[in-house]
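Construct the entire structure; sequences and hints are all you get.
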Amino acid sequence: MTPVLRLVGVWKAFARGRDRVSVLEDVSLEVSAGEVAAVVGGRGQGKSTLIRVASGTLPVDRGSVWLEGRELPGLSDGELRAVLAGDIGIAARAGPEARLNVHDYVEMSLGATRRYNKRERSQRVGVVLEQLDLAGASGAMWGELSDWQRVLAEFAQAIVVRPRLLLIDDVVDGLSLDHKRTAMDLIEGFAKDVHCAVLMAVSDHAAALRSATVWNLSHGELELMHKDPDITYLHQRQAEGDQAL
Amino acid sequence: MAISGLLKEKPNQTVAEVAEGLAERFPSARFHRTTARNVLPQMARAANSRPSVRCSYQAPGANRNHDRYELTRAGEDAFNAWMRAIPSGGPPTLREALYGRIELCTLEDLPALIRIAREEALIARDLYSKASTKLKQLREDEDERSTGEDTSNEVYLREVREVLLYVSPPFWAARHSHYEEIRRHLVTIARKAGIKFTVPR
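Chains W and Y are the protein sequences, given in the same order.
First residue of the first sequence? That's 1 in our numbering, and the numbers climb one at a time after it.
First residue of the second sequence? That's 1 in our numbering, and the numbers climb one at a time after it.
These aren't lab readings, by the way, just hints derived from the structure by calculation.
There may be inaccurate statements among the hints.
[Stated by the list, open to error] Some residues of chain Y that are not near chain W, with every Cβ distance over 12 Å (derived):
(1) K10
(2) R54
(3) T72
(4) N80
(5) G100
(6) E103
(7) L104
(8) T106
(9) L113
(10) R115
(11) N153
(12) V160
(13) R161
[Said to hold, decoys possible] Below, in silico cross-link-like pairs of lysine-lysine (DSS-like), each with a Cα-Cα straight-line distance of 30 Å or less:
(14) K192/W x K136/Y
(15) K134/Y x K10/Y
(16) K180/W x K192/W
(17) K192/W x K118/W
(18) K227/W x K192/W
(19) K180/W x K227/W
(20) K130/Y x K180/W
(21) K180/W x K134/Y
(22) K130/Y x K192/W
(23) K134/Y x K227/W
(24) K134/Y x K8/Y
(25) K227/W x K130/Y
(26) K136/Y x K180/W
(27) K136/Y x K227/W
(28) K192/W x K134/Y
[To be verified] Label pairs and their in silico Cβ distance ranges:
(29) L138/Y x G174/W: 24 to 34 Å
(30) M83/Y x T57/W: 48 to 58 Å
(31) G42/W x A44/Y: 51 to 61 Å
(32) H219/W x A46/Y: 51 to 61 Å
(33) D178/W x A23/Y: 32 to 42 Å
(34) L138/Y x H219/W: 29 to 39 Å
Beta carbons: idealized from backbone N, C-alpha and C, even for Gly.
Rendered as structure tokens:
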């Protein structure tokens with residue numbers, strides 16, 4: 001089965017004064033459709049860099065990044081914009097740059113794809129907000145939302161396009177245990193229902209407990225900690241199911 | 001205390017049953033299969049005249065595996081005291097062997113220490129993976145038996161035992177990171193000192 005996301009031998013360093021500080025060193029990983037994978041690392045270990053590299057928005061120094069057989073660094077700006085609009089959903093903690101209410105923030109993701117008219121967009125946004133129990137806060141501005149509602153709004157704008165790859169950057173960290181559990185239920189649900197690959201960056205292993213695959217990222221080195229023995233079998237079953245449909 | 005605990009849970013167990021309990025309930029302690037057979041008679045012959053167990057049935061013949069044992073009052077008191085004892089402020093009883101080696105090493109030992117630190121990290125990684133798999137199994141079992149709110153004491157007791165399953169993966173992950181951090185420091189020192197070494201992956 002072809003992985004949705006594939007990083008091969010990725011190196012990335014940033015300039016700091018006269019030096020270059022290495023953040024990712026020979027990083028390789030794969031995430032398949034329906035799989036929830038977690039990269040765990042402390043602050044400043046390169047998790048967000050890895051997420052940006054996986055999204056194609058940060059060029060690599062060496063190595064390659066593939067999304068379903070397309071090499072992201074090889075795409076033109078226009079092609080990459082289309083991939084980001086329709087195939088990749090990104091949930092971070094940043095929130096909207098402009099002053100938008102929840103509904104408009106989520107709708108903005110759909111607007112970028114140009115696949116739907118205004119009425120269809122509004123309808124889809126309504127459905128997703130309803131699913132995430134956020135319909136009541138649809139008209140609320142970002143500053144009026146609780147931490148948990150912000151997480152839900154981030155999930156909503158990331159999955160409303162039904163992406164092939166969902167990238168989650170440090171969203172579940174700092175949540176209460178109950179909210180962490182609910183967030184993980186939702187993430188597992190996205191992977192299953194949307195049949196997308198999920199790569200999430202988290203700061204502690206407690207937040208990665210529900211992931212089928214767990215990597216540790218430390219000092220730029222990625223080490224596979226755990227791969228669910230059933231994951232290959234599950235993928236095969238899902239692929240068979242898809243073919244049957 | 002493991003033997004006392006098993007006998008408190010279920011009195012009058014045979015030596016073979018206790019041995020099975022040790023292996024099943026405390027796999028990481030790796031009790032030898034003869035531990036119960038050797039230790040139970042010793043516990044019953046305690047020198048201080050307050051033995052913690054007594055032999056409640058001596059089976060005929062030479063095979064002592066069918067002898068049955070039960071906890072004495074003194075044994076139960078000792079077990080309860082151990083169960084509820086507040087930890088002292090002293091150092092943990094289990095010392096990390098690598099710490100002692102680092103304390104006593106010469107520069108010639110550095111390649112071996114780097115290797116040991118990495119091996120410890122790999123062991124922790126393996127245990128992390130096993131603990132994660134166990135936790136997943138637990139969740140699947142929970143999904144199967146979730147047929148409503150059950151508030152019996154048995155359920156709460158099971159939840160208490162399951163706590164270790166939830167905290168084990170993060171514990172082993174932290175241990176993995178800890179040994180990797182030690183290895184990185186040792187590697188940096190070895191490089192500065194011009195010492196050749198290899199690191200297992």
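Structure-based check of each hint:
Non-interface call for K10/Y relative to chain W: holds, since the shortest CB-CB distance, roughly 33 Å, exceeds 12 Å. Distance check for R54/Y against chain W: the nearest CB is about 45 Å away, which clears 12 Å, and the non-interface claim stands. Consistency note on T72/Y: stated as away from chain W, and its beta-carbon is indeed over 12 Å from all of that chain's, at 42 Å minimum. In this structure N80/Y is separated from chain W by more than 12 Å, as the shortest Cβ-Cβ distance comes to about 31 Å.
With a minimum CB-CB distance of about 25 Å to chain W, G100/Y clears the 12 Å threshold, and the non-interface call stands. At the 12 Å boundary, the C-beta of E103/Y stays outside the reach of chain W, the nearest C-beta of that chain being 25 Å off. Every CB of chain W lies more than 12 Å from the CB of L104/Y, the least distance being 27 Å, so the non-interface label holds. Residue placement check: T106/Y keeps its beta carbon more than 12 Å from all beta carbons of chain W (closest about 27 Å).
Consistency note on L113/Y: stated as away from chain W, and its beta-carbon is indeed over 12 Å from all of that chain's, at 19 Å minimum. Consistency note on R115/Y: stated as away from chain W, and its beta-carbon is indeed over 12 Å from all of that chain's, at 17 Å minimum. Listed as outside the interface, N153/Y is consistent with that label: its C-beta sits roughly 23 Å from the nearest C-beta of chain W, beyond the 12 Å cut-off. With 12 Å as the threshold on Cβ separation, the claim that V160/Y sits away from chain W holds: the shortest Cβ distance comes to roughly 17 Å.
Residue-level check passed: R161/Y sits 18 Å from the nearest beta carbon of chain W, beyond 12 Å. Taken as a hint, the K192/W and K136/Y pair is honoured in the structure, with Cα atoms around 17 Å apart against an allowance of 30 Å. At roughly 26 Å between alpha-carbon atoms, K134/Y and K10/Y fall within 30 Å of each other, so this suggested pair holds. Pair hint K180/W plus K192/W holds up; C-alpha atoms about 18 Å apart against a cutoff of 30 Å.
Distance restraint check for K192/W and K118/W: the Cα-Cα separation of roughly 28 Å lies within the 30 Å cut-off, and the hinted pair is therefore satisfied. Between the alpha carbons of K227/W and K192/W the distance comes to roughly 18 Å, so the proposed pair stays at or under 30 Å and holds. For the hint pairing K180/W with K227/W, the CA-to-CA distance comes to about 21 Å; that is within 30 Å, so the pair holds. A hinted pair counts as satisfied when its Cα atoms are at most 30 Å apart, and K130/Y with K180/W qualifies at roughly 22 Å.
With a CA separation close to 20 Å, the supplied pair K180/W and K134/Y stays within the 30 Å bound. For the hint pairing K130/Y with K192/W, the CA-to-CA distance comes to about 24 Å; that is within 30 Å, so the pair holds. For the given pair, K134/Y sits about 13 Å from K227/W by alpha-carbon distance, which is consistent with the 30 Å threshold. About 27 Å separates the Cα atoms of K134/Y and K8/Y, which keeps this hinted pair within 30 Å; it holds.
Using a Cα cut-off of 30 Å, the hinted pair K227/W and K130/Y holds, with the two alpha carbons roughly 10 Å apart. This hinted pair checks out: K136/Y and K180/W have alpha carbons roughly 17 Å apart, not beyond 30 Å. Taking the CA atoms of K136/Y and K227/W, the gap is about 12 Å. The hint holds against a cut of 30 Å. Restraint check for K192/W and K134/Y: the C-alpha separation of about 22 Å stays at or below 30 Å, so the hint holds.
Between L138/Y and G174/W the C-beta distance comes to about 26 Å, which sits within the given range of 24 to 34 Å. Hint check: M83/Y to T57/W, Cβ distance near 55 Å, so the stated range 48 to 58 Å holds. Distance hint check: the CB atoms of G42/W and A44/Y are about 52 Å apart, consistent with the given range 51 to 61 Å. Between H219/W and A46/Y the Cβ separation comes to about 53 Å, which falls inside the hinted range of 51 to 61 Å.
Against the hinted window of 32 to 42 Å, the Cβ-Cβ separation of D178/W and A23/Y comes to about 37 Å, which satisfies the hint. Against the hinted window of 29 to 39 Å, the Cβ-Cβ separation of L138/Y and H219/W comes to about 33 Å, which satisfies the hint.
In summary, the structure agrees with every hint in the numbered list given earlier.
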